[in-house]
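**Q** Full structure from sequences and hints, please.
Number of protein chains: 2
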Amino acid sequence: MSTPLRVALAQVNAVVGDIAGNERAIASAISRARDAGAQLVCVPELALTGYPPEDLLLKEHFLADARAALERLAAETAAIVAVVGYPERAEDVHNSAAVLADGAIRAVYRKQHLPNYGVFDELRYFQPGQRGATIAIDDVTVGLTICEDIWQPGAPLSDEALSGARLIVNLSASPYVAGKGARREQMIQQRARDELVGVAFCGLVGGQDELVFDGQSLVVDHDGTVIARAPQFEEALLIVDVDPVTVGSARLRDTRRRAPAAEARDRVDHLGSFTVHGEAEGEGDAGAARKPPVSPPIAPRLELVEEVYSALVLGTRDYARKNGFEHVVLGLSGGIDSTLVALIAVDALGPGCVTCVTMPSPYSSTGTRSDAERLAENLGVELLTLPIAPMMESFDAALAEVFAGREPDLTEENLQARIRGNLLMALSNKFGWLVLTTGNKSEMSVGYSTLYGDSAGGFAVIKDVPKLLVYNLARHRDERAGGGLVPSELFTRPPSAELRPDQRDDDSLPPYDVLDAILEGYVEHDLGREQLVARGLPSADVERVIALVDVAEYKRRQQPPGIKVTTRAFGRDRRVPITNRYGG
Amino acid sequence: MSTPLRVALAQVNAVVGDIAGNERAIASAISRARDAGAQLVCVPELALTGYPPEDLLLKEHFLADARAALERLAAETAAIVAVVGYPERAEDVHNSAAVLADGAIRAVYRKQHLPNYGVFDELRYFQPGQRGATIAIDDVTVGLTICEDIWQPGAPLSDEALSGARLIVNLSASPYVAGKGARREQMIQQRARDELVGVAFCGLVGGQDELVFDGQSLVVDHDGTVIARAPQFEEALLIVDVDPVTVGSARLRDTRRRAPAAEARDRVDHLGSFTVHGEAEGEGDAGAARKPPVSPPIAPRLELVEEVYSALVLGTRDYARKNGFEHVVLGLSGGIDSTLVALIAVDALGPGCVTCVTMPSPYSSTGTRSDAERLAENLGVELLTLPIAPMMESFDAALAEVFAGREPDLTEENLQARIRGNLLMALSNKFGWLVLTTGNKSEMSVGYSTLYGDSAGGFAVIKDVPKLLVYNLARHRDERAGGGLVPSELFTRPPSAELRPDQRDDDSLPPYDVLDAILEGYVEHDLGREQLVARGLPSADVERVIALVDVAEYKRRQQPPGIKVTTRAFGRDRRVPITNRYGG
Chain V
0 MSTPLRVALA QVNAVVGDIA GNERAIASAI SRARDAGAQL VCVPELALTG
50 YPPEDLLLKE HFLADARAAL ERLAAETAAI VAVVGYPERA EDVHNSAAVL
100 ADGAIRAVYR KQHLPNYGVF DELRYFQPGQ RGATIAIDDV TVGLTICEDI
150 WQPGAPLSDE ALSGARLIVN LSASPYVAGK GARREQMIQQ RARDELVGVA
200 FCGLVGGQDE LVFDGQSLVV DHDGTVIARA PQFEEALLIV DVDPVTVGSA
250 RLRDTRRRAP AAEARDRVDH LGSFTVHGEA EGEGDAGAAR KPPVSPPIAP
300 RLELVEEVYS ALVLGTRDYA RKNGFEHVVL GLSGGIDSTL VALIAVDALG
350 PGCVTCVTMP SPYSSTGTRS DAERLAENLG VELLTLPIAP MMESFDAALA
400 EVFAGREPDL TEENLQARIR GNLLMALSNK FGWLVLTTGN KSEMSVGYST
450 LYGDSAGGFA VIKDVPKLLV YNLARHRDER AGGGLVPSEL FTRPPSAELR
500 PDQRDDDSLP PYDVLDAILE GYVEHDLGRE QLVARGLPSA DVERVIALVD
550 VAEYKRRQQP PGIKVTTRAF GRDRRVPITN RYGG
Chain G
0 MSTPLRVALA QVNAVVGDIA GNERAIASAI SRARDAGAQL VCVPELALTG
50 YPPEDLLLKE HFLADARAAL ERLAAETAAI VAVVGYPERA EDVHNSAAVL
100 ADGAIRAVYR KQHLPNYGVF DELRYFQPGQ RGATIAIDDV TVGLTICEDI
150 WQPGAPLSDE ALSGARLIVN LSASPYVAGK GARREQMIQQ RARDELVGVA
200 FCGLVGGQDE LVFDGQSLVV DHDGTVIARA PQFEEALLIV DVDPVTVGSA
250 RLRDTRRRAP AAEARDRVDH LGSFTVHGEA EGEGDAGAAR KPPVSPPIAP
300 RLELVEEVYS ALVLGTRDYA RKNGFEHVVL GLSGGIDSTL VALIAVDALG
350 PGCVTCVTMP SPYSSTGTRS DAERLAENLG VELLTLPIAP MMESFDAALA
400 EVFAGREPDL TEENLQARIR GNLLMALSNK FGWLVLTTGN KSEMSVGYST
450 LYGDSAGGFA VIKDVPKLLV YNLARHRDER AGGGLVPSEL FTRPPSAELR
500 PDQRDDDSLP PYDVLDAILE GYVEHDLGRE QLVARGLPSA DVERVIALVD
550 VAEYKRRQQP PGIKVTTRAF GRDRRVPITN RYGG
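Protein chains in written order, with numbering that gives the first Met the number 0: chain V, 0 to 583; chain G, 0 to 583.
Be a bit skeptical, because a hint or two may be false.
Just so you know, same-sequence chains aren't split out, so a pair can sit in one copy or run between any two.
Here are the simulated BS3-like pairs of lysine-lysine, each with C-alpha atoms no more than 30 Å apart in a straight line [claimed, not checked]:
#1 Lys179 x Lys58
#2 Lys290 x Lys179
#3 Lys429 x Lys554
Read the hints as simulated data drawn from the structure, not as lab findings.
**A** Laid out in structure tokens, this is it:
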């Protein structure tokens, strides 16, 4: 085992349910990895079915189809070992990694730590495995783990390292939240140092409904040094040579983790030894000669705002493309939210695939209208103008008798928003376009939106982006373009829904810096009113915001899906009852 | 222990999050039970917080508030033992039953079997308990279990019985599906016979978002005979005398379950012995004299169609009332779906709290319009008429230029439905009414509805009711009224959305008997196309329906909540991805 083990990490963008397509992508990765001289190729967790397949896992025929695809993939594995994530139908169902070699499925490792918190529901579907696993490839011992298995310290990673693994591979599908890449990398570095073992993290990439997977596959040595890193938010095949010798020497020097090795070995199965390049026969130099060393890339990690922006772009692109949409449409109000969504849409799909619609009412200011026009021009997108006054009048007339004697109120404001929603949906129906909605998380939290109005559409791009971050993202994108892309008034004009004369958001809401701080505490950290006030937030605002958030749950339940970027997204992440009198 | 143990089962309608309100209801039950001479009073699973509290359980202060309420309740327990379901914050969080006696919390039993399938997510919140539990009240040993604990055969029920329990109490929150009451009763009878032990099942009642809890608290003796049954779908305090002697004699006669008793006892904690009426001191006759025997009611079980109807009524009433709505509004089309929803709404809230709206278009037939009018008259509800032609014209004009050269299609049909949705929402906004939507499960399955149109509203009463069952329910309700309530043409006219001239549902869908059969197999039983065709369903229809169901997932995700009555409701029950290329 004196020669390096060449490992390929296939950071693929799997599509949920598209077993045939995922099979092709994996087969291609296997082939390219072999061409690159790799002895081992890994694909992410459940890459064969996409992640998360949710209740597709309750269909026997779905599991059978996955198994059939796995068998076909196994037939592709000559002169390489492939470790492939798939759902295993045995006596029970497991989240497993199959070891494919020499044309057959040689062995299976079963995920031990099944996450069932946050966005995860793995205990709904899977039974945990009970045993660690290693394989040997050309005499280098490799430990197998799946995602959550290494987020928890200890076994199985520690057992596998103590059983002789020089490298731990981790097949993963790790949902993105802002900063996740950095935190995950730090965790992986620490695991490597703790157990004196190299770690190869193979991450899924792509958007799936509310989730984005950020990729960023990674190899760290036993000292925690990053020796290879794939980019975030795009597909990659990361090829890296792992040196098995230095790990061994380091362990000889460090006796701390050697004593309990016998016990650890009892908890680990050795699943097989595979010969790929034949170094096992001691022809180390010959083997090395067959594969000149690679210099793997260390892709830079994105700065936080750029990272979030990229997640939004990928999430939007994948939701559209994976659901068969080529073209999107959105209402451009001349406010910062729809501006950001337009920027993201253009980056995701190209300006020719984005139609913006301005739908002025008598309350629309000339400023916002001209900003919308300038932005559309700067972006090079089509802009339609559909004034809504005639429809407002027809609804007013229809309701005049029933509403007689009552003053205009939110009803009439909501009607404007719903007329706009109807127009966008009519465009969607007629032309097959996907409607992007433009509400941000701060609005969504307090119900500052109209159900079936501005929230009508297929994908809510920035539903998990708080208002202050909306500004930062738009400013960042404008700066990346060298400025002048976004009309500067958009950054300075007080936010307004323009549903009545001279309306401003802060007429009915606290200023956004206060609002976002309360929301972060209440929504993301589950703090109560006393804890929020103790943080220095104004008591009256805290009371009001909590009440607004609670009562808006029925609205949020009917929103389209959108991309999770915070630690607590509404939807599959924060699950609260609608009928709920707790109030805090 | 020669005298009977008097047990009170408090079938309360707890409100999620309303800890103070639930505390009052439980305190009242304790007091009434004591007045009735009961030595033991039970309330349902998590009755103190309502069920399911979902992510409220992630708030420390929520758990602390529940604990404080439990302590106040404990102070109410003089001369009675109360077993109260609550979320316990210990080192971890447990779904627990507290034993309150003599003014204090005496002990806690922790639920062992945590369901995490179907509508349940208990492993998201709770850690399972590890030990069975018994208490003794006036020398009668009682075993404690919570809901799922007895749905699985064996421990803890069997261990507790073998440890000497003469009665097993089960605190439950058992979500309704059609026929659940009968199946649950049969299961309880079998458990009693299997372990030779009486079982007292204390069921939650009431509606909570998508779930209805049907109550039907129950006491069976060790022979499985029902000795008391509370009604379904209403609150009750069921008082019953349980004879501890006959159980003991039966066990003396039957040695089958006596041998492993020592091991079983090792898995059960005896949590305490409580003296209430003092029979422990051997003054049996005196104790008996203090409480003349009760003759508990055995409420009849409802016939299946009436049971489903009652669940829909309770679910609607509770969603409205618990969310603060006094009045509901719905669009009355003259079709069977809106007819059924109107019937349910009137039964739930009374005719004075229901407004119906007819919104005719040029495509509405005179037949449906006059049927809607006759129905409203028969029900005694207000009927508003809001013709939609003027708004159709204003939208057509606004879109004329953009749509130039294109034929009318679904776009224009959807616009009609959305104009109606806007009108209903305007009434909701202006008058504070809850909009009930009228789509059935068959439509919802295949996406035969307009997003933000007929599906716009706060509560989707019959979203889980297949079309054929819609007819049965309406016919049943009409018959209960002696006929003549529902215009008879409604049962015979071919279903039509009336969105274009001479439209019929079966222009675009298979006949409803075929459709419902395919949907039952595909949605409720997760069958694939081959299995459906093997059941004799037409292959072309199977293909078409599967494709329609899959592609409509994005629509269903934006529907309002509605009442689960089938084994697989869309929503918290059937969780499939929107982005999903599996197709079957």
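**Q** Please sort Lys179 with Lys58 into within, between, both or neither, judging by C-alpha distance up to 30 Å.
**A** between (32 Å within a copy, 24 Å between copies)
**Q** At most 30 Å between CA atoms: does that hold for Lys290 and Lys179 within a copy, between copies, both, or neither?
**A** neither (35 Å within a copy, 66 Å between copies)
**Q** At most 30 Å between alpha carbons: which applies to Lys429 and Lys554, within, between, both or neither?
**A** Classified as both; 27 Å inside a copy, 17 Å across copies.
When the structure is compared with the earlier hints, a violation turns up for hint 2 alone.
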